[in-house]
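Engineer: Protein chains in written order, with full-length UniProt numbering: chain A, 1 to 369; chain B, 1 to 369.
Careful, some of the hints might be misleading.
All copies of an identical chain are treated as equivalent in the list; a pair is satisfied when it fits inside any one copy or across any two copies.
[To be verified] The calculated lysine-lysine pairs, modelled on PhoX-like cross-linking and capped at a C-alpha distance of 25 Å, are:
1. 64 with 114
2. 325 with 344
3. 6 with 303
4. 356 with 197
5. 233 with 325
6. 325 with 234
7. 368 with 64
8. 368 with 2
9. 39 with 138
None of these hints come from the bench; they were simulated from the model.
All values reported here derive from a predicted model rather than from experimental measurement.
There are 2 protein chains.
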Amino acid sequence: MKIRTKTEHFTNPLYLESGRILEPFDLTYETYGELNADKSNAVVVCHALTGSHHAAGRYENETKPGWWDGIIGDGKAIDTTRYCVICVNTLGSCFGSTGPMSPRFPSSEPYRLKFPVVTITDMVRAQRFLFDRLGIHKAHAVIGGSLGGMQALCFAIEHPNFSGRIISLASTYATQPWAIAFNKIAMEAVLNDPRFKEGQYDPKEIQEDGLVSLALGRMAGHISFLSPDSMAKKFGRNYVDTDGLYELFGRFQVERYLEYNGHNFSKRFDPLSYLYIIKAMNIFDATRNFESLHDSLSHVRAKLTLIGFRGDLLFLPEEMATIKKTMDDLGRAHLAEYIEIDSKYGHDAFLVELDKIDMHIKRALEAKA
Amino acid sequence: MKIRTKTEHFTNPLYLESGRILEPFDLTYETYGELNADKSNAVVVCHALTGSHHAAGRYENETKPGWWDGIIGDGKAIDTTRYCVICVNTLGSCFGSTGPMSPRFPSSEPYRLKFPVVTITDMVRAQRFLFDRLGIHKAHAVIGGSLGGMQALCFAIEHPNFSGRIISLASTYATQPWAIAFNKIAMEAVLNDPRFKEGQYDPKEIQEDGLVSLALGRMAGHISFLSPDSMAKKFGRNYVDTDGLYELFGRFQVERYLEYNGHNFSKRFDPLSYLYIIKAMNIFDATRNFESLHDSLSHVRAKLTLIGFRGDLLFLPEEMATIKKTMDDLGRAHLAEYIEIDSKYGHDAFLVELDKIDMHIKRALEAKA
């Protein structure tokens, strides 16, 4: 399987949901597999909050492959000998696509806090520009988990003719206050960090050791990615060998795990991008520009596969089931299936419990649309 | 009902679980109701992490009464015309009992980070000194929720003859990694706050506007006190009227709630006390000085009433049920009852859903021991 990484530059204006305009903008994306002659075999994969376009395969010298490598590849559930997989770095992110640290044309200075708020709708609209340029006017499927699942649902509602198959995992139709509350921790931590300098930080300076506040926000995120059960199984009450039980700063293994993941994250992710993408997640509401969820889902033409995970405490499986129920109420039961995966992994399940989901994804991709 | 608030000074050494000694120490406590002639009608109420000895009644000019005023009072579930209720500010706290900002005898300088780690065992031992001085050698009951529930269970295991009735709510036999992870956010936030000054802060200076980092830690706490359901019911996706949806710092009502509660808290609670008490919570493990939970519970002589709440995501009801199950395994089913309250309130339920618990408490207090 060959990995191709590219960046496309767009000079046409992107009219954002907020009324603001983004112009010009770049999108960085990766493909695996070959487009067929009529360009009908594209499978669009949408990444989560802190993910990137690097969904599969391994770059030279890379220790870990892309984030969904277990699902995407030759002979895998998303079979790259049959499909051409495309994964686009979302607008607002920091891995090549335009985000708050991109130059604010015509200046060469970064936008920083002058970057416009982007929504899931905007992220999806931007992707359509790219697909149009690539000659992909209809995709075989769109698939994504979490923030990627929001994008997939947005494709189904706002671009009903673009894809015959939509697979959304561990996501929701509208972000609920519990998830917003977790994001709040990161938002507050970063904003109050003197090293954030109200957005005027030197990116090189903070990349070296990472913003502690961003690490902290990420730790809160990691709590929500797991669950009481998965934490108990993973760490128990085990103590870090070198730390003392009666020392105030002695640590349990779960604490060391949070520190490790938080600090690593803060070195690889841009704080402003984080603020903008959690904003996009917070204000995601598939009903916003419609009368109701019934109204928005009445636009769906694709076959919708909704996958929820029982242990997910960030986007509860009930939220996915609500989408299915609403489709049923609309007399469109034949267009929507809901699969609830028994998992104790928490929100991360869609990245971890691949053996429980890959047959569902394979089947959904092969379904007649 | 008369409120009496007092502080007792102890000069005898308190031998801590860690091997360190605390000497001298103060305990501040409050009583409601009158001790009977043989001092057998004391009901010991143990407060939670950030609570205080002010459990009931209202001081002059106070807008809100004590934290369990709905349960404690004349004619209420814990009837102060029958019982003498005593609530002691825990060791390590900041409302009068000895904690990290108390002077380190013989110096008049505060302990700060030289304060020893105290455990639930230590908090309970200290209380026994007070009760001894008051002539209370056997209590009618011990009752508490959350950290107070840990103390109640500790009374049952380590002081089996002290009370015939133990009621523990929304608590656990050993703090699980999920709860430790929530506490980690507060710990890291405070430690990395330049205004915390590695514990050398001026308390007056930070009390005025509160440590932002402590507010942040408390916000993480508030997430765990609620639940996805209760947040959805309480706030929905409602936006703060004056805030813009497409403004990066526009806020949902849930965010304003977290800010408000976090900041208020940071003005009334001492950061070092917070670190020491979450440490005590984290390392609570009723099996630590025993071979197993079976072994520790085999010491129980009291009637144990265990109350769990279905929506509690901090201390899962399963954890309380485990105590009941272990008592059953020990052939002591007659000594333990487990009540699971159907609540969507999250961990806060024991402070909020009083109409669902007060009859159980009343009954447990009247049971023959």
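Engineer: How do residue 39 and residue 138 come out at 25 Å by Cα distance, when the copy is not named: within, between, both, or neither?
Structural biologist: This pair counts as within: shortest intra-copy Cα distance 8 Å, inter-copy 82 Å.
Engineer: Quick one: residue 233 to residue 325, C-alpha cut-off 25 Å, is that within a copy, between copies, both, or neither?
Structural biologist: Between copies, since 20 Å is at most 25 Å while 33 Å is not.
Engineer: Evaluate residue 356 and residue 197 at a C-alpha cut-off of 25 Å and name the case that applies: within, between, both or neither.
Structural biologist: Answer is neither: 44 Å inside a copy and 49 Å across each miss the 25 Å cutoff.
Engineer: Reference check for the pair residue 325 and residue 234, CA-CA at most 25 Å: within, between, both, or neither?
Structural biologist: between (34 Å within a copy, 24 Å between copies)
Engineer: Are the CA atoms of residue 368 and residue 2 at most 25 Å apart within a copy, between copies, both, or neither?
Structural biologist: neither (28 Å within a copy, 76 Å between copies)
Engineer: Up to 25 Å between alpha-carbons, please classify residue 325 paired with residue 344: within, between, both or neither.
Structural biologist: both (24 Å within a copy, 22 Å between copies)
Engineer: Between residue 368 and residue 64, at a C-alpha cutoff of 25 Å, which is it: within one copy, between copies, both, or neither?
Structural biologist: neither (35 Å within a copy, 63 Å between copies)
Engineer: Checking an output row: residue 64 and residue 114, CA cutoff 25 Å. Within, between, both or neither?
Structural biologist: Classified as neither: same-chain Cα gap 35 Å, cross-chain 44 Å, threshold 25 Å.
Engineer: How do residue 6 and residue 303 come out at 25 Å by Cα distance, when the copy is not named: within, between, both, or neither?
Structural biologist: neither (30 Å within a copy, 69 Å between copies)
Hints 1, 3, 4, 7 and 8 from the earlier list are contradicted by this structure; the remaining hints agree with it.
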